[in-house]
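Peer 1: Sequence:
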Amino acid sequence: MPNTPNAPAPHLTVAVLGPGGVGGLLAALLSRSGHRVVCLAGEETARTLRATGIRVRSALFGDFTAPVDADTTLREPVDACLVTVKATALDAALTRIPPAALGDALVVPFLNGVEHPALLRARYAPDRVAPAVIRVESTRTAPGVIEHTSPFAEIDLTGAKVPRPRLEALADALTAAGPATRVLDDETAVLWAKMAFLAPFALLTTRYALPLGEARARHREELASLVAETAAVSRACGAPADPARALARYDAFPPAAKSSMQRDAEAGRPLELDAIGGALLRAADRHGVPVPVTARIVRELREAGR
844 MPNTPNAPAP HLTVAVLGPG GVGGLLAALL SRSGHRVVCL AGEETARTLR
894 ATGIRVRSAL FGDFTAPVDA DTTLREPVDA CLVTVKATAL DAALTRIPPA
944 ALGDALVVPF LNGVEHPALL RARYAPDRVA PAVIRVESTR TAPGVIEHTS
994 PFAEIDLTGA KVPRPRLEAL ADALTAAGPA TRVLDDETAV LWAKMAFLAP
1044 FALLTTRYAL PLGEARARHR EELASLVAET AAVSRACGAP ADPARALARY
1094 DAFPPAAKSS MQRDAEAGRP LELDAIGGAL LRAADRHGVP VPVTARIVRE
1144 LREAGR
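Under the numbering used here, the first residue of the sequence shown carries the number 844, and numbering increases by one thereafter.
Please keep in mind that the hints were generated in silico from the structure rather than gathered at the bench. A couple of the hints might just be wrong.
Stated by the list, open to error - Pairwise CB distance ranges (calculated):
| no. | residue 1 | residue 2 | range |
| --- | --- | --- | --- |
| 1 | T1031 | R890 | 39 to 47 angstroms |
| 2 | R890 | L1027 | 31 to 39 angstroms |
| 3 | D1128 | D1028 | 39 to 47 angstroms |
Unchecked claim - The calculated DSS-like cross-link candidates involving lysine-lysine, where the alpha carbons are at most 27 angstroms apart (straight line), are:
| no. | residue 1 | residue 2 |
| --- | --- | --- |
| 4 | K1101 | K1037 |
| 5 | K1101 | K929 |
| 6 | K929 | K1004 |
| 7 | K1004 | K1101 |
| 8 | K1004 | K1037 |
Keep in mind it's a predicted model, so treat the numbers as computed, not measured. For glycine and all other residues, C-beta sits at the position ideal for the given N, C-alpha and C.
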């Protein structure tokens, strides 16, 4: 039975930079929950969204269409701006949210990697950047058409310098709209928890162009090394890590599972190799942690032009 919105939270005005699989889903859910949503995208996509809204197909949240406004640039005050573009598109996309227009709004990046909060804090007010991590499988199949395929949608929201009431107000709005959202205090732990799981999965499946089931069987030793190295870097950065649990999670995944980096490689799209593999190597270098297997696989992917 599809989940419908919970008790209403106070209405917000939310901008969504990059209404793709994640951004489009969140935009539609927030709109359905009664919030004003402004999607920021290219002219053609913005025109489509203004005309037709966002259509969602989801076993969890139901099939529905939600109206949204859309523009190429932020031109009005908002309570929060969800940044849901790929890391490879971040610099160009940020021109759509000028600091002067953003004002007091929270900037909430849903990006892979661990380095983007510092970049955003250098551009916007440091106490308004609230990094988030989402666990979901959601794909944009066409402008304004979203396929949400996972039986879950969960968000961890954090922000070391953000006033707690601001975080809780946004978390309440997101939870009421559908995705279970919790506010966590340890930003480093939140970001590295995702990195420690994502990096080995993305690097191995993309390097060998194999779904997870084949990759974990045929390249088990490399997977274990990637997990151990990433966990060591995570701990050096001050975040907890559990390599055995990470391996158990990989073993529990469906054999046909592919990482988003692998899907990007198959489609000929730019890869988030630097945001994931590059960031991991830079953190390892800063803390003097040896990561030979990770370094080799990142090098091989770079040499292959991936």
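Peer 1: Measuring from beta carbon to beta carbon, are T1031 and R890 in 39 to 47 angstroms?
Peer 2: 41 angstroms, holds
Peer 1: Note whether the CB distance of R890 and L1027 lies within 31 to 39 angstroms or breaks it.
Peer 2: 38 angstroms, holds
Peer 1: Under the criterion that the straight-line Cα-Cα distance not exceed 27 angstroms, is the pair K1101, K1037 satisfied?
Peer 2: Cα-Cα ~16 angstroms, so holds.
Peer 1: Holds or violated: 39 to 47 angstroms for the Cβ distance of D1128 and D1028?
Peer 2: Violated - the Cβ-Cβ distance for D1128 and D1028, about 28 angstroms, lies outside 39 to 47 angstroms.
Peer 1: Is it true that the CA of K929 sits at most 27 angstroms from the CA of K1004?
Peer 2: 24 angstroms, holds
Peer 1: Tell me if the straight-line CA distance from K1004 to K1037 falls inside 27 angstroms.
Peer 2: Roughly 20 angstroms separates the two Cα atoms, so the pair holds.
Peer 1: Would the hint linking K1101 and K929 be met if the CA-CA limit is 27 angstroms?
Peer 2: 17 angstroms, holds
Peer 1: Taking 27 angstroms as the top limit, are the C-alpha atoms of K1004 and K1101 close enough?
Peer 2: With a Cα-Cα distance of about 35 angstroms, the restraint between K1004 and K1101 is violated, given a limit of 27 angstroms.
Violated hints, listed in ascending order, are 3 and 7; each of the other numbered hints is respected by the structure.
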